[in-house]
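> Sequence:
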Amino acid sequence: MNKKILYIILILTSIIILLLSWQYVRKDNILSTLSTVNILDYKNNVVSINNIRNNYLYLQYVDILRVDDYEILKNVLSNWIDTDLNIIVITSHKEIISNYLNENEMKRIWVCTDYDKLKKKFKKLELYSDFYVLNKKGEINRSGNNSLGYERGVKIYLYQLLLNKKFLISEFIDNNINIKYNDLFIQVSERIIPEESDYYVIGLFNSICNGCLSGSIVNEFNKLSQAKSANIKVIGILNNNFESNEIPGLITQLDINFTLIKANERLCKRWNELIAEYNDIELNNILFLIDKNGNVIKIVDKNCGCYNPFIEYLYTL
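The end of the sequence shown is residue 1757 by the working numbering, with every number in the run present.
Zero decoy hints are in this set.
FRET-style restraints, in silico, Cβ to Cβ: (1) Glu-1630 <-> Lys-1514: 40 to 50 Å; (2) Asn-1697 <-> Lys-1606: 29 to 39 Å; (3) Gly-1655 <-> Asn-1585: 12 to 22 Å; (4) Asn-1662 <-> Asn-1490: 47 to 57 Å; (5) Gly-1655 <-> Asn-1733: 28 to 38 Å.
When the alpha-carbon atoms are kept at most 27 Å apart in a straight line, the in silico DSS-like pairs for lysine-lysine are as follows: (6) Lys-1514 <-> Lys-1547; (7) Lys-1547 <-> Lys-1557; (8) Lys-1605 <-> Lys-1742; (9) Lys-1576 <-> Lys-1483; (10) Lys-1595 <-> Lys-1742.
Keep in mind the hints are simulated off the structure, nothing from the lab. Here the structure is a predicted model, which is why all the values come from computation and not from measurement. All C-beta atoms in this analysis are idealised placements derived from N, C-alpha and C, irrespective of residue type, glycine included.
Take the sequences, apply the hints, and build the full model.
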């Protein structure tokens, strides 16, 4: 083979390898960052990053001033023993962790004490502790704040990743059914008056705040209620996080011009059961459209990522 052609092939091969390596590093940037700091086992031996790759990884910041951080860590250790889950604790004081964990627990974790370096990398807040759940590719699957606690935060995310347990909207409300046959939404069926509206848009809110998704949806509902009042009625339903006497103030604060009610006891019970199982983030901002006969036409929730197309569709009715 001509030496010039061989030389060109070698150069092209090197470029391809370099590009592939660069792509891998980008995907694996968190593990690559961890490879630049010391990660120690319970005997203070340095742990190779190769021992971390290709397994699930739970990465938790532990603030020495927050006992709750240790409680979350102990729950992870006791509930996820027989799994492919590596656990790295990031803290500024390894010796203090050993005061909270027993010897067997210490053997199951690796500790990184380069707290400031990783804090900067993950843009860690000074006063709160965070956790990250990484899949086997080294990509962040979920992340959150330890203020959620174990049951409402870490546990749910680990269930989703390790056991593939995910919330399905059909557990709450199913598409292509008649709302009149769903006992959970009797408050909705009672408000359906075919002579008054052709369609009803329902929004389920576990929380509402200005500047977040729920607040944006409320703003869109206000516009919709005003623009399509002739054939669409909007109804917002609040979970029992809200007291009945708080609703008038909420209506005033957000200038709400559509019907806003508190969920009845039956709906709240099921709603909160699902929240306990899947996290309140999954069970907020659930929207669905029904016709004047009570037939469910469309359902929108966090997992579909289609709020804007849904709102746009409503204006075509």
